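Visitor: The primary structure of each chain is shown beneath.
2 protein chains.
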Amino acid sequence: MSARRLAIALVHHPVLDKQGAIVTSALTNLDVHDLARSARTYGCTDYFVVHPIDAQRELAKRIVDHWTDGSSAKRIPDRKDALAVVRPVSRLADAIAALGADVELWVTAARDIGTPVSFAEARARLATAGPPVLIVFGTGWGLAPEIVERATIVLEPIRGAGAWNHLSVRAACAIALDRLVGASSR
Amino acid sequence: MSARRLAIALVHHPVLDKQGAIVTSALTNLDVHDLARSARTYGCTDYFVVHPIDAQRELAKRIVDHWTDGSSAKRIPDRKDALAVVRPVSRLADAIAALGADVELWVTAARDIGTPVSFAEARARLATAGPPVLIVFGTGWGLAPEIVERATIVLEPIRGAGAWNHLSVRAACAIALDRLVGASSR
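So the sequence lines, in the order shown, correspond to chains C and F. Here this note's numbering is used: the first residue of the first sequence is 1, the next is one more, and so on. Here this note's numbering is used: the first residue of the second sequence is 1, the next is one more, and so on.
These are computed hints drawn from the structure, not numbers from a lab. Fair warning: there could be bad hints in the mix.
No copy labels: a pair is met if it fits in one copy or bridges any two.
[To be verified] Here are the simulated BS3-like cross-link-like pairs (lysine-lysine), alpha carbons at most 25 Å apart as the crow flies:
1) Lys74 with Lys18
2) Lys80 with Lys18
3) Lys61 with Lys74
4) Lys61 with Lys80
These figures come from a predicted structure and were not determined experimentally.
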C-alpha cells in the first residue's frame with residue numbers, strides 16, 4: 001500500500017523505435033484494459049494514456065465508454081471499476097499538471113539507463129509520506145531520452161531467472177506495481 | 001531461480017464462464033506472446049497452450065512460426081527466444097505427460113478456492129530440489145473444478161492494495177512468476 005498518491009502513464013510519444021529514432025506508437029486495446037486493471041488492483045488513482053493524436057485519444061475514450069456505459073458494462077461490471085482510472089492526455093506534461101508540480105516521475109527500463117534505484121528502496125520511499133508519484137512506462141523500444149532525463153528516479157530493470165527480460169509492457173507494469181506496493185511478502 | 005523444472009500452462013478448456021458453466025474459450029494472440037515472454041524471462045522450459053480445437057492449436061502454431069521463421073523473426077529477433085517455449089497441446093494431460101508423471105500441478109485463482117499456499121512458501125518449495133512444477137492458469141472465469149481438484153497446491157490469490165484484484169491473465173501470470181522465482185527482493 002502506497003502512502004503517497006500513485007499514478008501510472010503509458011507513453012506513445014516520444015518513444016524510441018528499434019533504430020533509436022523518436023516515433024509515435026499506435027494505441028493497443030489490451031494495453032488500455034490490462035494496465036487499467038493492474039492500476040486499479042494496486043490502488044493507483046490514475047492511468048494516463050499519453051497520445052498526441054486526437055483520433056487515438058478518442059479511441060481510448062471509446063474503449064472506456066464501451067466498458068463503463070456501453071453494452072459490455074453489464075456483461076463484465078468489474079471492468080468499469082478498472083477503466084474508470086483511465087485518462088487520455090496528449091502530452092506527459094498534462095499528466096504532470098493533473099498531479100501537481102511536485103510530482104515525482106519514476107521511469108522503468110528494460111535495460112540499464114542512468115543510475116538505477118532498486119525496487120526495495122523505491123518500495124520504502126512509497127511507504128513514506130511525500131509528493132505524488134507517476135510511474136512512466138514506454139511503448140515501442142522504450143521512453144525517449146527527454147523523458148528519462150526528467151525522471152526523479154530510474155527503477156532497476158526487472159530481472160527474472162537470467163539476462164533475458166523482454167517482457168511485454170503489460171507484464172512489466174504488473175510486476176513493477178506488485179514489487180512496489182503488492183501486499184504479499186516474498 | 002527455480003531449483004526445479006518449471007513450466008506454465010494456459011487452459012482454454014475446461015474453464016468456467018460467468019455463470020459457472022464449463023466452456024471453451026478462444027485463443028488470444030497477446031496471451032501467446034505475453035505468457036511466452038514472461039515464461040522465458042523467468043526460466044520456464046515450456047508454456048503449454050491447452051486448446052481442444054485443432055484449428056485453434058494450428059493458429060497458435062502459426063503465430064509461433066511467424067515469429068520464429070516468418071518475416072517478424074528478422075524484425076524482432078528477441079521474440080523468437082520467447083516463442084520457442086510455446087507448446088500447443090489438446091489437453092492438460094498432454095502437458096502432464098510431457099513433464100513426467102511426478103509433476104506437481106500448481107493452480108492460481110483470483111478468489112479463495114481450497115486451502116491456499118502463500119507465495120512465500122511456494123517460493124521456498126521451488127528453491128528446493130524436487131519434481132517438475134506446472135503452474136496452471138485459466139482463461140474465462142477461471143479453471144474448472146476438475147483441474148483445481150487435481151492440483152498439488154492452490155496458490156493464494158494475488159492481492160494488491162485492497163480487495164479488488166481483477167487482473168488480466170497476462171498480468172497475473174507475470175506477477176505469479178515474479179513472486180515465485182523473480183530475482184529482486186522486496
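Visitor: Tell me the hint numbers this structure goes against, listed in increasing order.
Guide: No numbers; nothing is violated.
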